[in-house]
Amino acid sequence: MRTSRRARAGQYAALLAYLVFLAFPFLWLVSTAFKPARELASLHPTWLPQDPTLDNFRQAFDEQPLLRAALNSLVAALGAAVIAVLIATPMAYVMARHRTRLAKAATGWVVVSQAFPFVLVIIPLFLVLKNLHLINSVAGLVMVYVVWALPFALWMLVGYVRAVPTEMEEAAAVDGAGKVRTLVSITAPLLAPGIVATALFAFITAWNEFFFALVLLKTPEKQTLPVVLTHFLGAEGVADLGPLAAAAFLATIPSLVVFALIQKRITGGMLAGAVKS
Amino acid sequence: MTLATARKRSAKPAPRAGGSGRPVDHGAWFLVLPALIPILVLSVGPLLYGIALAFTDAQSGRTEPTQWVGALNFQDLLHDTLFWESFRIGLVWAVGVTVPQFVLALGLALLLNEELRLRWLARALAIIPWAMPEVVVGIMWRLVYNPDAGILNETIRDLGLGDGRDWLSGLASALPAVIVVGIWAGMPQTTVALLAGLQNTPRELHEAAAMDGAGAWRRFRTVTWPALKPVALAITALNFIWNFNSFALVYVLTQGGPGGRTRLPMLFAYEEAFRYGQFGYAAAMGCVMVAVISVILAVHLVGRLRGGEDA
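So the protein lines, in turn, are chains A and B.
Here our numbering is used: position 262 in the first sequence is 262, and no number is missing along the way.
Here our numbering is used: position 143 in the second sequence is 143, and no number is missing along the way.
Errors might be hidden in some of the hints.
What the hints assert, rightly or not - Okay, the calculated beta carbon distance ranges per label pair: (1) P226(B) / P189(A): 36 to 42 Å; (2) E85(B) / A139(A): 54 to 60 Å; (3) A216(B) / R101(A): 44 to 50 Å; (4) N113(B) / L43(A): 26 to 32 Å; (5) W68(B) / P189(A): 35 to 41 Å; (6) P176(B) / A14(A): 33 to 39 Å; (7) D55(A) / Q67(B): 53 to 59 Å.
Stated by the list, open to error - Pulled a few chain A residues facing chain B out of the computed Cβ check, cut under 8 Å: (8) P45; (9) Q50; (10) F57; (11) A88; (12) M91; (13) A163; (14) V164; (15) G178; (16) N208; (17) F210; (18) V215; (19) L229; (20) L244.
Derived by calculation from the structure, the hints in this document are not laboratory data.
Built from N, CA and C at the ideal position, the CB exists for glycine as well.
Assemble the whole structure, with the sequences as input and the hints as a guide.
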């Protein structure tokens, strides 16, 4: 297909507009994080900090228990990712290999669970966890995150399982291996990259999650990073911009790094799930 | 591990994928239960419990026992103008985000599908909104929208377009301002889904159409769009639901203000449940949200699929 020079120029102009739109808020966040208080108070802000400083980061750690919050987030996200993948992989395997009524119901649930407003689930969960004395506990949050991560974990993993050829499994079955053995010794190793990608994706979504954490965690020393970040906003929404930007920037780095590593696999996995089901 | 199960069914070869209606054997149950139990206990169960709560007068921190009140919550909701106002705002927000986002994402996907030089950079940048916590996205845009120290008003001043304004606190500008953020935040997922759809359309068809002298628009309409339509339909439907049910972004940006102008249904229900402790009433709100959204979507999907057959 030939594209005329004019059309090419138009395409580049459009691409440039997209790049600006996608990048400028983030650049502004980073720039604000490194600006000294004097520049932040200026009525004519500049794109780049004229006199970059780390003061905002220091102040952010002084104002809020960021390290504690990051640790809570890490425990919640890691716990959710590991448990979700451990229990989702076998189920995804059955869903991918058998078109039974159960597999159909599970697929239906994956779709339907995306449509429900969380408020309908969180109120009963709040009552249940309260009775179990798991309100204001990271363990309770992990339980919620596991179930919350399951639909897309199943979705991605079913795609990955379908991509694994069945011949080796059939050979194993002929040799007398059962379902569990086949999964553990034949399929799982081939699935490993997909399992890791799914776990990392679950990790990021839990790391970023806000609503459940807001409802279930009450005291600052139990709260996760997104909840603690909102404390910077203050009651009237009047915020100390520098530390706010610094803390927000820091909270993004882990997700950005992990996401950059697995981006191709995630899109691949979601496509596999979407296209073949 | 479970060698017993393995031996028992040793002679039978594993059922092939696609063998429909086969009963699940014991090994399969063993594999399914670890996920099935948490799903039933922590997802399906609470969901049913939540629906049941909508028919009670459940409140937090109350000493008298909770009682069934029948459809009373729903009758109250019917007359709750604040709720319907937030419902209307939710619909405006969901449509206002989903539609422009789809158009923009389609444009970006078409560009990324071409052999352009800066493609890698666009792909890399598109990760940012996707990977960011919604809370950070909200904070970031509050910095952009900040009336004095924000870059948006400064740019407006630099361009000589006036003094700018306090976007998030203006009664008229707040909802459009949060909608822009919503569009920005969800663009990557939509773009990736559409790009995948584009890459599934056979190139030969394109080339054949080009040979026949079809221009870019004709090729898009006759080759690209028909192939993309199922993906487009699914992604817009999902985006609509997600947007209608969204919470964190607007909670951080405006807390539902000014004067309730950005109070999405989820923010309303959250306040009702966890600020005022009206669990039963908030659960009823959740039920109404599900019901109305399901109806809208059913009409949308059925209508579009019909339209597709006619065309």
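ask   = Hint numbers the structure violates, sorted upward?
value = Those not satisfied are hints 2, 4, 5, 6, 9, 10, 13 and 14.
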